[in-house]
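Colleague: Starting from the known structure of chain H, arrange chain L on it as the hints suggest.
For reference, the chains in residue letters:
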Amino acid sequence: MDLLKIGGKEISSRLFLGTGKFASDSVIPDVIRASQAEVVTVALRRVDFDDPQENMLQYINKECILMPNTSGARTAEEAVKIARIARAAGCGNWVKIEVIRDNKYLLPDNYETLKATEILAAEGFAVFPYMSPDLMVARQMRDAGAAAVMPLGSPIGSNRGLKTREMVRILIDEIDLPIIVDAGIGKPSEAAEAMEMGAAAVLVNTAIAVAGDPAAMAGAFSLAVKAGRQGFLAGLGEARPYAEASSPLTGFLRDRD
Amino acid sequence: MSNVIIKINGKTTEIKEPLTIRGLLEEKGIKPGEIVIQYNGDIIDKNRWPEILLKENDELEILRFVGGG
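These protein sequence lines are chains H and L, in that order.
One point on numbering: in the numbering used here, the residue at position 241 of the first sequence is 241, and numbering is uninterrupted.
Here the numbering used here runs 1000 ahead of the position in the second sequence, where the first position is 1.
Chain H with its partners taken away, still in its complex shape:
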């Protein structure tokens, strides 16, 4: 069986699911079921006393691995604080580091993310840094003890697909950690492409959350991730500049071709 060994666990689903932006949290159980995801991300926020909402953890199957993110953090220090709170709240020791200071493109601050990764890995967290795909920083993340690296495909929530394809390919080639493409994947075909390239997993949120039928889209992503993974394992044929006949061209109609 093709299990993904990651963060001290073994999982079979290579589709990680984000839980933001759903029209209602109550659809999340159906979405998780259809996606077959075993890893689910959540965020921490201050309670708004004027608008107390429901506890969203009630919608997440207890067998799922929770991966709290540090969204809202603008510095390593803030990310570390959020991670510690989430662990103390009983979320386990997985954490997605997300340090963002840019509000237009929501691109991660690799430097602060690396600092947070170093601190939290030393504290025994399984650290999943969300980063811009940069080989040198990815190596530093690995050396700092990251459990995986999570390069973005395109800006968060943009549904623009694998714009960073060539850089992600380099990380897959060079970094001996699972590479999880996180952010920007807008269609099942793009998830399949990431998996065909050899990504260990993909993290999808917006594309599923804003779909006309989120549970059906979750099912489509699940199939795409499996197909892409199987394609990768099967060994893709080489791309060539010219045609190479699939049927024999020499025939019996004339003596010479």
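Worth flagging that the hints you see were computed from the coordinates, not collected in a lab.
The beta-carbon is built from N, C-alpha and C at its ideal position, and this holds for glycine as well.
Treat the hints with caution; some may be incorrect.
A few chain H residues facing chain L, derived, Cβ under 8 angstroms [to be verified]:
1. Val42
2. Ala43
3. Arg46
4. Asn55
5. Met56
6. Gly186
7. Ser189
Over 10 angstroms on every C-beta distance to chain L, these chain H residues come out as not near it, computed from the model [claimed, not checked]:
8. Lys62
9. Gly231
10. Gly237
Modeller: Showing chain L alone in chain H's frame:
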């Protein structure tokens, strides 16, 4: 009975003593099963919420899990 000023989620708030963390949550209508409390920088276990009496200049962070990617 006197009033003290504490900070809740970054906002200065006046409360009437004596009030425990648990009492404050009840007053605010927050169900205890769903939240995380940081009290003067430390995360406080649920069992201790009924014991801790809030005092002047205390800082409370009351957090919950929400959807996120």
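Colleague: Now look at each hint and say whether the structure bears it out.
Modeller: Each hint tested on the structure:
no. : hint   : result
1   : Val42  : 5 angstroms, holds
2   : Ala43  : 3 angstroms, holds
3   : Arg46  : 4 angstroms, holds
4   : Asn55  : 3 angstroms, holds
5   : Met56  : 6 angstroms, holds
6   : Gly186 : 13 angstroms, violated
7   : Ser189 : 20 angstroms, violated
8   : Lys62  : 14 angstroms, holds
9   : Gly231 : 26 angstroms, holds
10  : Gly237 : 34 angstroms, holds
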